[in-house]
Structure formats: structure tokens, C-alpha cells
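Chains as they are written, first to last, in full-length UniProt numbering: chain A, 1 to 1138; chain B, 1 to 280.
Rather than coming from a laboratory, the hints here were simulated on the basis of the structure.
Cut-off 27 Å, straight-line C-alpha distance, at most; resulting in silico cross-link-like pairs (BS3-like, lysine-lysine):
id: 1; chain 1: A; residue 1: LYS339; chain 2: B; residue 2: LYS157
id: 2; chain 1: A; residue 1: LYS631; chain 2: A; residue 2: LYS618
id: 3; chain 1: A; residue 1: LYS339; chain 2: B; residue 2: LYS85
id: 4; chain 1: B; residue 1: LYS268; chain 2: A; residue 2: LYS1105
id: 5; chain 1: A; residue 1: LYS339; chain 2: B; residue 2: LYS151
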Amino acid sequence: MLCSVPSQFLVSAVSPWCLPAAGSPSGSQGHGRAAGSVSPAGIPRSSRLGGCAGEEKRVGTRTVVVGHRPVSDTEACVAQKFCDNRIVSSKYTLWNFLPKNLFEQFRRIANFYFLIIFLVQVIVDTPTSPVTSGLPLFFVITVTAIKQGYEDWLRHRADNEVNKSNVFVVENAKQVRKESEKIKVGDIVEVKADETFPCDLIFLASSSTDGTCYVTTASLDGESNFKTHYAVRDTTVLCTDEAIDTLTATIECEQPQPDLYKGVSGQSGVAVYTGMETKMALNYQGKSQKRSAVEKSINAFLIVYLCILLGKATVCTTLKYVWQSNPFNDEPWYNEKTKKERETFKVLRMFTDFLSFMVLFNFIIPVSMYVTVEMQKFLGSFFISWDKEMFDEEIQEGALVNTSDLNEELGQVEYVFTDKTGTLTENSMEFIECCIDGHKYKDCLSEVDGFSQTDGPLKYYGKAEKSREELFLRALCLCHTVQIKEADQVDGLMAHPERKYTYISSSPDEIALVKGAEKYGFTFLGLENNFMKIRNQKNETEMYQLLHVLNFDPVRRRMSVIVRTSTGKLLLFCKGADSSIFPRVQQEEIQQTKVHVDRNAMDGYRTLCVAFKELTEKEYDRIDRQLNEAKMALQDREEKMAKVFDDTEADMHLIGATAVEDRLQEQLAETIEALHAAGMKVWVLTGDKMETAKSTCYACRLFQTSTELLELTARTVGESERKEDRLHELLLEYHKKLIQDVPKNRGGLKRSWTLSQEYGLIIDGSTLSLILNPSQDSGSSNYKSIFLQICLKCTAVLCCRMAPLQKAQIVRMVKNTKGSPITLSIGDGANDVSMILEAHVGIGIKGKEGRQASRNSDYAVPKFKHLRKLLLAHGHLYYVRIAHLVQYFFYKNLCFILPQFLYQFFCGFSQQPLYDAAYLTMYNICFTSLPILAYSLLEQHISIDTLTSDPQLYMKVSDNAMLQWRPFLYWTFLGAFEGLVFFFGVYFLFQNSSLEDNGKVFGNWTFGTIVFTVLVFTVTLKLALDTRFWTWMNHFVIWGSLAFYVFFSFFWGGVIWPFLKQQRMYFVFAHMLTSVSTWLAIILLIFISLFPEILLIVLKNIKEKNHQSSRKAPDSLSARPSVRPLLLRTFSDESNVL
Amino acid sequence: IKPSSPCNKCLNVSWDSTPPCTCTINFTLEHSFESNVFMYYGLSNFYQNHRRYVKSRDDSQLNGDNSSLLNPSKECEPYRTNEDKPIAPCGAIANSMFNDTLELYRIDNDTRTPITLIKKGIAWWTDKNVKFRNPTGDGNNLTALFQGTTKPVNWPKPVYMLDSEPDNNGFINEDFIVWMRTAALPTFRKLYRLIERKNNFQPTLQAGKYSLDIAYNYPVHSFDGRKRMILSTISWMGGKNPFLGIAYITVGSICFFLGVVLLFIHHKYGNRNTSADIPN
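Hey, can you work out the whole structure from these sequences and the hints?
The structure is reproduced here in C-alpha cells:
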């Protein structure tokens, strides 16, 4: 099939505009080639020429004066302002970076919250100095600013590279070298071969006299084949600088619009749109930010903690005033209020008290969590691109991560939407067989229908007439848009070392066909001056004049060429999908071919039918006129062209059909099965024929033989006017079958499709549009919901004959269903981009249909099979990591702040902080930040191999399982328990007269320091307990953090700091450690805090071991962590002490 | 040991009552104290950890900084200046320093033998030698060094008259330093005096009757507080601490219990495991 032929250039390249321009000869065959290139920042610069507007002046058009020479006085006065040709993709400049970046950062709710806290601390008399929250905030802001600044610097560099590149502009009959950014609208620009177009151009002339040029749009849509474009006819002759300078003309065209494909490409032309107005730039809109489900959970938890915070502050404020109602408590003789305090109004005092409590407890909202999450995502994405298993030898590339925001989303996928061609299949086509007039011709080595081939390059199953054979092969040779590329050009797609040239086409099918014809003796030698050269079986060269190409488009699903033979005969060859060819040929010819086509389709081959007709001179003249008229049309051009094509491609004679095999990708079936086992539903959305797609689905085990297929296709629905009714009946029938007849008990379980009967659904594009866009009168608006219910009950859904937009429609439909499941789209071609953008996670295959899909995707992998590891291993791990990270952050801040809250009950609710300011500041950014970061980067709670080989494990984390309220409550209770243990443990310890052996006493700062020490150790050791995968880095950061804490405490307490008002911590830590009972208490408290965790792990292990032994699989014992010995060891320690 | 009836008459004392209200409490030690004895005073319902109180001090003044001496930190308000003179030491903590005098006597056949109470070595070494310093200047005359400052409002004597010994006077008076280390909880004890063991043949404090003479200056009745005097010996682990012992015993027994249970399960499981292996 031909669907990959660029449909974008439907609008003929011949422009009605008559403007001379300088030619720029070079490249092979006298044609310059211009290849679009991608600037590093991802904005492809390329060569688009503006679409031309109507003859009469319309509102919303712009008039471009070519070469800045006014045509007449009347027009000169209409001076329009156009922007210059600078491309700006960067966000900041040197001047506005600070304010703009700060503004953007403080728009984030968490940062804003901390800014408010900071301001409160500055304004109000609060228990902690502004530094305690200012410093972490500053740290977070700085880290983010550095990251964003670096990214913007890269963009600046890329912009400069483009903006400062040299272009040649023809001014006063001379070529003038200019920087790209200085091109003005109306300049005549000369582009040499292999250069990138600096802006949108109108093609005036080329070096070759026929006024053609070849343009690749690789940077636009990823298609690397050449598209031929023709210069404006009246200007083709102006091939020199001098000639072009004589040109006086104006162009009228539309105002800039982002519709990419209305343009005309060219090689040297007039600058029409410049700078940010180029079509490319207009099309480059930031993708709408995809937000992961994890982030939503984080926000929910944040709100909970905010409520806790507000609750705590309210409780404390209330109790404070209750407590203070006793005047002895409010103001005892030893602790009088200051004058200012006494004079403040009570309400204001209460308010400031409330704010002070907020400030005191504000650390419960983890300031560094966002920056840690960001760093985790940023650094974590490297692991995907570094994955050696996802490296593909063939294209020498590994996986590509375009956005790191969605790593964890990969572990949450419920629906996989996949393209077929190029995604499930290799998209490397091979010509398998053909049939001519119902006789089958087959290559020697393949095997079809059980007939094994013996010898000879070709075996004939029966014979068609020789002339028909030749006609068929000539048709294959002529009816295409394949181009020849010299073999020394290494970047070709199909390199054949033994040949001097390679075939290049946007459609691999065409190449396969041309090569197929070559095997049968007809070789396409190339196109020269509109003459197609063919070497026939007798080694003679035949010349055909190419008169018209009726390009492929997905609506017609066929393409045609009109050629004139050397003998002067006019022939039209047409090839296309059977459904589009059969109605246009003599009916009696169809039957014999149809058998073959159907059988080939069943075998999973892509089939094309070939037809021809002879045209008389008169007919041709008419067609030629009509075509040109349509091409010139300024309005409704596409419709007019379509109509002419339709008229032209009628009453043809069917010659035969071809079958091209698209091989399945390696390990496809295993991957699909693994995805199924992991609880994902796989939907195939393809533009292919139903039969072809179906057989592929069977081949890749998407449909099992036991799967009951429900069909909603043109075949079952029928083609009559009654089809809506019939559709309705079918829908109801299926609905009944799937939903009503199923026992109720399955209703609650969302992912339970280990059903006795699996269902598969097949639907085609026309039926789908019937369902999604029902006609008004039928009153069938509930089709959609019934259809959706059916879809969601099916294990596998195959949607064939899909238009790109329909693909996106389906994705959106599923995405918006109840429970909003996470969807993933994977595809390789430009036609998949819409669904890739639509889905939660878009994955591009770095395939043969260009790079557009992978550029628009969030992740790009070389092959479909890599999806398995990407989802099952990476996705799972990233989800577990980030979930743990988030929970841990909330947990550690809860048990950090809870003792401080409890302390308020013992200090008269006076907002006295329990910990020293340095500890408050450093806790989140120094003492406990790195271990969790390392954990969240490296943890593999289950080894990657196990994860990849056991897809069932994926279900364990489905539905955001680790960030639901239950685990959240578990963590919260754990944090609360530990906070209580810390505080009351030390509280009871301080009931003692003295903790030191010399009878000296400790003060409140020692109290806080003991709590803090226990806290830091517990929190870090808790992480150590959770870590299942130890690398040297984990060891380094965990033990390093603890060591740093001890070191810092000594250091902080060891010096009288001149900048501090109070030397609270002076030798507090050192004194604390001289006390034996403090040591004992610290060890005890850490142990008690971790005890539930240890117990849980032990119990879990026992359960697992029992489970294993009952399954008689005692092999993985060595993998168990050594928790039991740890427990025993601690236990024996205890008894020693006693 | 609480102040009971004998001191009730002093409940309503104020700071500057002269002569101080004195009272005597008799008590009996059941056991003799063999090693060094530490004498504490305890206060309850006294919020030394109140924020306003905790921050009401100037550490650089206490460190002997001359400029801070005459210009104390604003944190000391409202105990910063008195009659336009800077207070040394400033702040609420210093102002409310415990100023009862406790004297211990052994009653032996109706004769009262005073027991030597050592008042040095009760503060942290680092506090006494580094953190707290008297202002520097010409000569060692503290009176001259504290020139231009005034005593805290509630103090009967200025800071340079806290003690007769020069290395325990001024800011480096150990009673003062001990007081300045704010307690963590509203009920707290502070070290008051040491009673050293004199020789190896006699216990430090023999069992018997004792009497405690209190010069009652420090009012606690207004905030519903209480005063206590505690005599304690100290082991290598510090003072008597029921909490740690109980906690360790509890946790230990839980661990032991669980250990036994798990061992039992392990045994059972281990057997099953081997039996499972045999068919293989």
C-alpha cells in the first residue's frame, strides 16, 4: 500500500506565480538538492515557500515585493512590516533571565509557599530565623535555575548557529553573503545544493533549465526522500544573477499560518515568510505539558500535609491561649513580656502566633522534594538511554528520551495503542509474488500454498500472455515516485553495494515493487528531463515521457502516472488498494484477480492492484487542461484536484496484483504476550486492510485461536443505507454477549481477563466514524458508550483502515473513560504522530518512515520488542522508585516535625524550636537528601531480569498502587509512630537527674540534639532497610550522610561562631556523646523505631518462603536479604546489655 | 525530698526580703551513700524552655565582649537596661537565677555537723572556660570591669559579687553558668553542690538524720511551682534512670519472645523445606 507517500504535497508544486529568480546549479543531474536539517534545539529549519494567495486582493493577505523593487507606485505605498528572519527558541535573555526565571519558579505552588514562609519569617517575630527556610529555598531555586539556564544556553547556541549561518542573497545582480537572521521579506535567496533553507521561500528558478529541484523534508516530517518541486513557470528561465535582478514582481500570499503543507518548496526563491513566521516556527508550539499521575498523587498528599500543618498550628494557637488564660502561665515573674508584646492587640497577636506556628512546622512540607524528584527524573532518564539491551545494532542507536517527566508513567500503562506497519512489522518490504490476469507468478525461494519452488528465477503458474506480462512489469516500473540516488551518497535508505545507485522513496512498498520488477527483468533507470528510462528484459532501454503524476493520497488510496511511450501512445497506469481499484476497472476482470488478492491478504501480505488504460490524444488534452486548471486553482484546490483525479482514473483495465511482505519484527509475539500478561490491553490501530491486519494480529498472537472475534466492519455491517440500523443491532448483540451475560462477580475487578473466553474486536475506519459521528436523525448517540463498553471488555482490539485523526480519536476516547487509564501509543510514522501526542505516553519507533514520530514522542526506541523492557523493567522500577521517594519524603518530614510539635506541649506553646536552626536547615538538604536520591536512582527491588521475564509483576504496581491512600497512611503512621518514639523516649530519659557520670545536667538543646540524632539515624537506616540493591554508591551516600552528620555536629558545636547571636550548640553534641546513657538511649530508640519495619520484613520473608516451599521452588533462597541474622544479632545485643 | 510544712511560712517571700526567710527541714537517710554525692535543686512548673525566656540572653556579653557588655542585645528585653544602665548579665534567664542557699547538716546525737559542699566543678568545662568569660580590661578587679553596668533587677547583689573566689565570680560563677543552661522541660533539676568522699573508710554520707537549712529567697508559689532538693549518687551511666532499664528489659523480652517464635517457625519451615526437596 502506498499510504506513506507524502500526502502533504497534494497541492501541486507548480505555482501560478511568475517570478524570476537566480538559479543555483549543483548536485547530481544538474539538480540542486536541499536537505532540511535539524537544529540542536529541535526546531527544524527548512525550506518552505509560502503558499500563494488569490489574484484579487483579499483581506489577510500580504504583498511581497520581490527584490524590494516596487512594481508600480500604487503598490509601493502599501508598505508592510515584516519581522526579520531571526529564530528565537530560547526563553530567556541575559537581562531577563533572573526576573523571568524567578517568576516562573515561584509560580510553582510549593516554591511560592516557601517564599511566603520566608517572608513571614522576615516580617514577623518567628521562632526560627529566616535563614532556616530561606537557605533551602535558595538552594532549590538555584539548582533549578542552573538547570534551566543551562538548557536555555544550549538553545541560544543552537539559535545562533542557525541565525548566523551564511546565506546568499541576490542584490543588484550580485550575490551578497548575509547572515541568515538578516534576510528580509522579499529578498531573493540563493540556496546551493545540500543547504538548508533559511526561511520559507517561493521557488523561482533552479540551475537546471526545466526549473525543478529536489527537496527533502526530513527535518519537517522526517521523510528523507526527495520531493520534486517546480519553479514558477515564467521565471524558470532566469538562471543567472543578472537575469534575476531584472525581475520586478510582487507576490500576494496569505498571512502566516501554521498549516505546514500548503506550501511550495523550492531551491532559490523569494523570502516570503521570515523568522518566527516561517511555517516551521508556527508549527512549533510547545507540546501541552503532560503531567504524570504520580504528580497528581503528590499534590493530593501535599494537601493532606498542608491540612495537618494548618491543624497543628491551629491546635497550638488555641491551646496557647487556653494555657495562657492562667496569668501565672502567661507572664510569670521570671519571664516578663516586652513592652511591644504587651501593647499588641490580642487578635493580631493570635494571628502572628498562628503564623509563627506555621513557620515552626513548615518543614513538614518537604521543600527539597520537588528538586529531588526533578533530579531523579532527569538523571534517571539517562538509564533508559544508556540501556545496552535497547541498543540496536542496525541503526547504531539506543533508546532516546525526549522528556524525563514521564519515567514512572511507563510503569502504569493500561492501554497500548500500536501502529502496525513499521511498528509491529519491520517495514522492510519484500516483493513476494504477483498475479497477472489471474495467473500467479512467484519468486523462487519463498513458499506459498504449499508449493515449494524448484529452480529458475521465476516459476509460472500458468501463463499469461507475454504482452500482458510486459505491460504489468512496465506498469510496476513506471507507476511510482521512486527516485534514483547515486550509490556514493551514503545516507541513502536502501544501500545496495553491487549497484551504482539506490532507490529512494518515501514508501518502502514502491521500492519493493520496483525491485520486484527488476527481478523479472525490467529495471527502472531513473528520471531524466521528464523521461523515465527503463531497461527491459532484452536489455534495451525504453524511454517514457512522464506527463503527469497523480500523487498518492490516503483518501483515494491509489496513485497514477500518465506517460507517453516512444511510439507516442499515451498510457495511464494506476496502482492502489484493491478496494479503490476494483470499482474503477472492467467488472469482468476482477474475479480472477480478487481470489489472489484475498488469499494474499490472508497471508498477511500487503496487496496492490495494478490497472491501466490507454488515452487518446483528445482525452489527454482534456485531462491535461483540467489538471492544470485544478493546480492553478487558488481556492478549493484539493477538492478540484481530487475531482480531476477521480474522473481520470476511471474505466481502467485491471492487469494484476502484487503481494509484498512486511516482515514481523523480531520477538514480536513474545513482547505482545508479555504485555498481555502484564495486564495491558493492546490495541492495533492501522491503516491497513482488515485481512492483512488480522493475519498480522494472529501472527503476533494478539488474537489467539481461541479468541472470539467480534467484527464491526464494512463486511458485517453491510453497505446499504440500513447500515446504521445493522450497526446498532450488532452493537447491542455484542454488548449483551460481553457485558450482560457475564457473571456479576467480575464487575469489580478491573484487570481480570483471565477469562474463560477471550474476545477480540475488529473495527474499521468507516464503521468507527459511523459510531463516533452518527448522523443526526438516527438518534444513536449512545453508540459511543456501548461501543466503548464493548471495547473495554475485549482483550485485543484491532482497528483497521484508520486515518491518523481517527487514531487520536480512539486514544482520546479511551483516555477519557472512567478511571482515566494510562495510555501509551507507539508508532513510527508521521501518521502516528497525532496519537502519540494524544496518549499519556508517546513512544516513537526509530523506523524507516522517518523520524517524525520519534521526534514527537516522549521516548523513542529502535524496535517494538524494546517496549517490553521499557515498560516491564524500567517503567516498573521508575514507578517504584518515585513512589518510594515521595512517600519517604513525607514520612521523614513528618517524624522530623512531630517531636517539635509535641515539644510545644512542654514549653508553654511558646514556639520554642526543638532543634537548632542549623539542623532545621540542613536536615532536608544535607543530612537526608542524598541517600534517597541514590535510592531512587539505583534501586531494583526486584532484579531487572526477573521483571522482564515475569510480566505478572507489572500488575503489582498498576493503578498507582504504591501511591494510594493505604500505603500513604502506612507511611504516615510509621512517621507518626517514630516521631512519638523519638520524643517520648528522650522525654523519659530526661526524667533522670543526670545523664553524665559527673552529675552535670543537660539543657534543652541537648534534648533536641538527641532527638535529632535518633531521627537522622533512624530515617537513614530505614532507607538502608528498604534498599534491596546495594551499589557502592548507596553505601557511600548512606554511611557518608551519617558520617557527615556526626562530623558537622562536632564542627558546628566546636567553634564559637561570631555571626551567631547565641552559641546554643556549643559543645552540646560532644557533651551528649560523653554520656553512656545517651548512647544507650539512642541505640534503643533507633531500634524501637525500626522494629516494626524489621518485623514486617521478617514476616514477609516467612510468608514468601512458605509460599515458595509450597510451590516447591526453594531456589531463590540466596536472594533473600539477611534480616533474620540482623534480628538475632540485635536480640543478642540486648541480652548482653541486660 | 520536698519542702513541706517547715517552709510554708516562706511561701510568699519576695526577691528583696531582708533578712531572708529561713527554714529547716529534717530528713533521714535510710542507706549510706558510699561514693560521691551530688546535690541537686529541682524546680517544677518553671518554663525555662519558654521561647521568650530561652532567647533572652546575650552570649557575646557572657563571653566577655566589652561592647556587648555596655550595649546588650535587643533579645534581652525587657531585662536589657535598668535606669538607663545596661544590665550585666542581661536577659530574663540571668534575672531569674535561683538564689536559695542550701546548707546540709548531719545530726548526730543532737549535734549538727556541717557537711562540706563543693561549689566548683558543677558546670560544663567548656562553658566555664570558653563560653563564659568575664570582660577583659586592665587588672583583675571585677568591680572595675563591670563599671557602667547595673545588676539584674531581681538580684540582691551585682554579678561581680556572686562569690568571693575570683575564679568563680562574675560571669564564670558556676552556679550562674548552670542556671544559664536552660532546661529542656518545665520540671527540671540542676546541679547545686558536690559532696566528695573524704576517705576510703567512711561513706560519703552515712545513714542517719540530716537537716537542710534553706535561705528561702526564690518565690515559686506565684506560678504554682515547687522546689526540691535531691541527693544522688552517680554510676558510670549517670544518675538513677528507671526508664532505660525498663525500656531495655521490655524491648529485650519482646525480641526474645519473637526470636523464639520465629525460631520455631523457622524450624518448622526448614523441615518442610527438606521434605520438599526429597521428591526432587
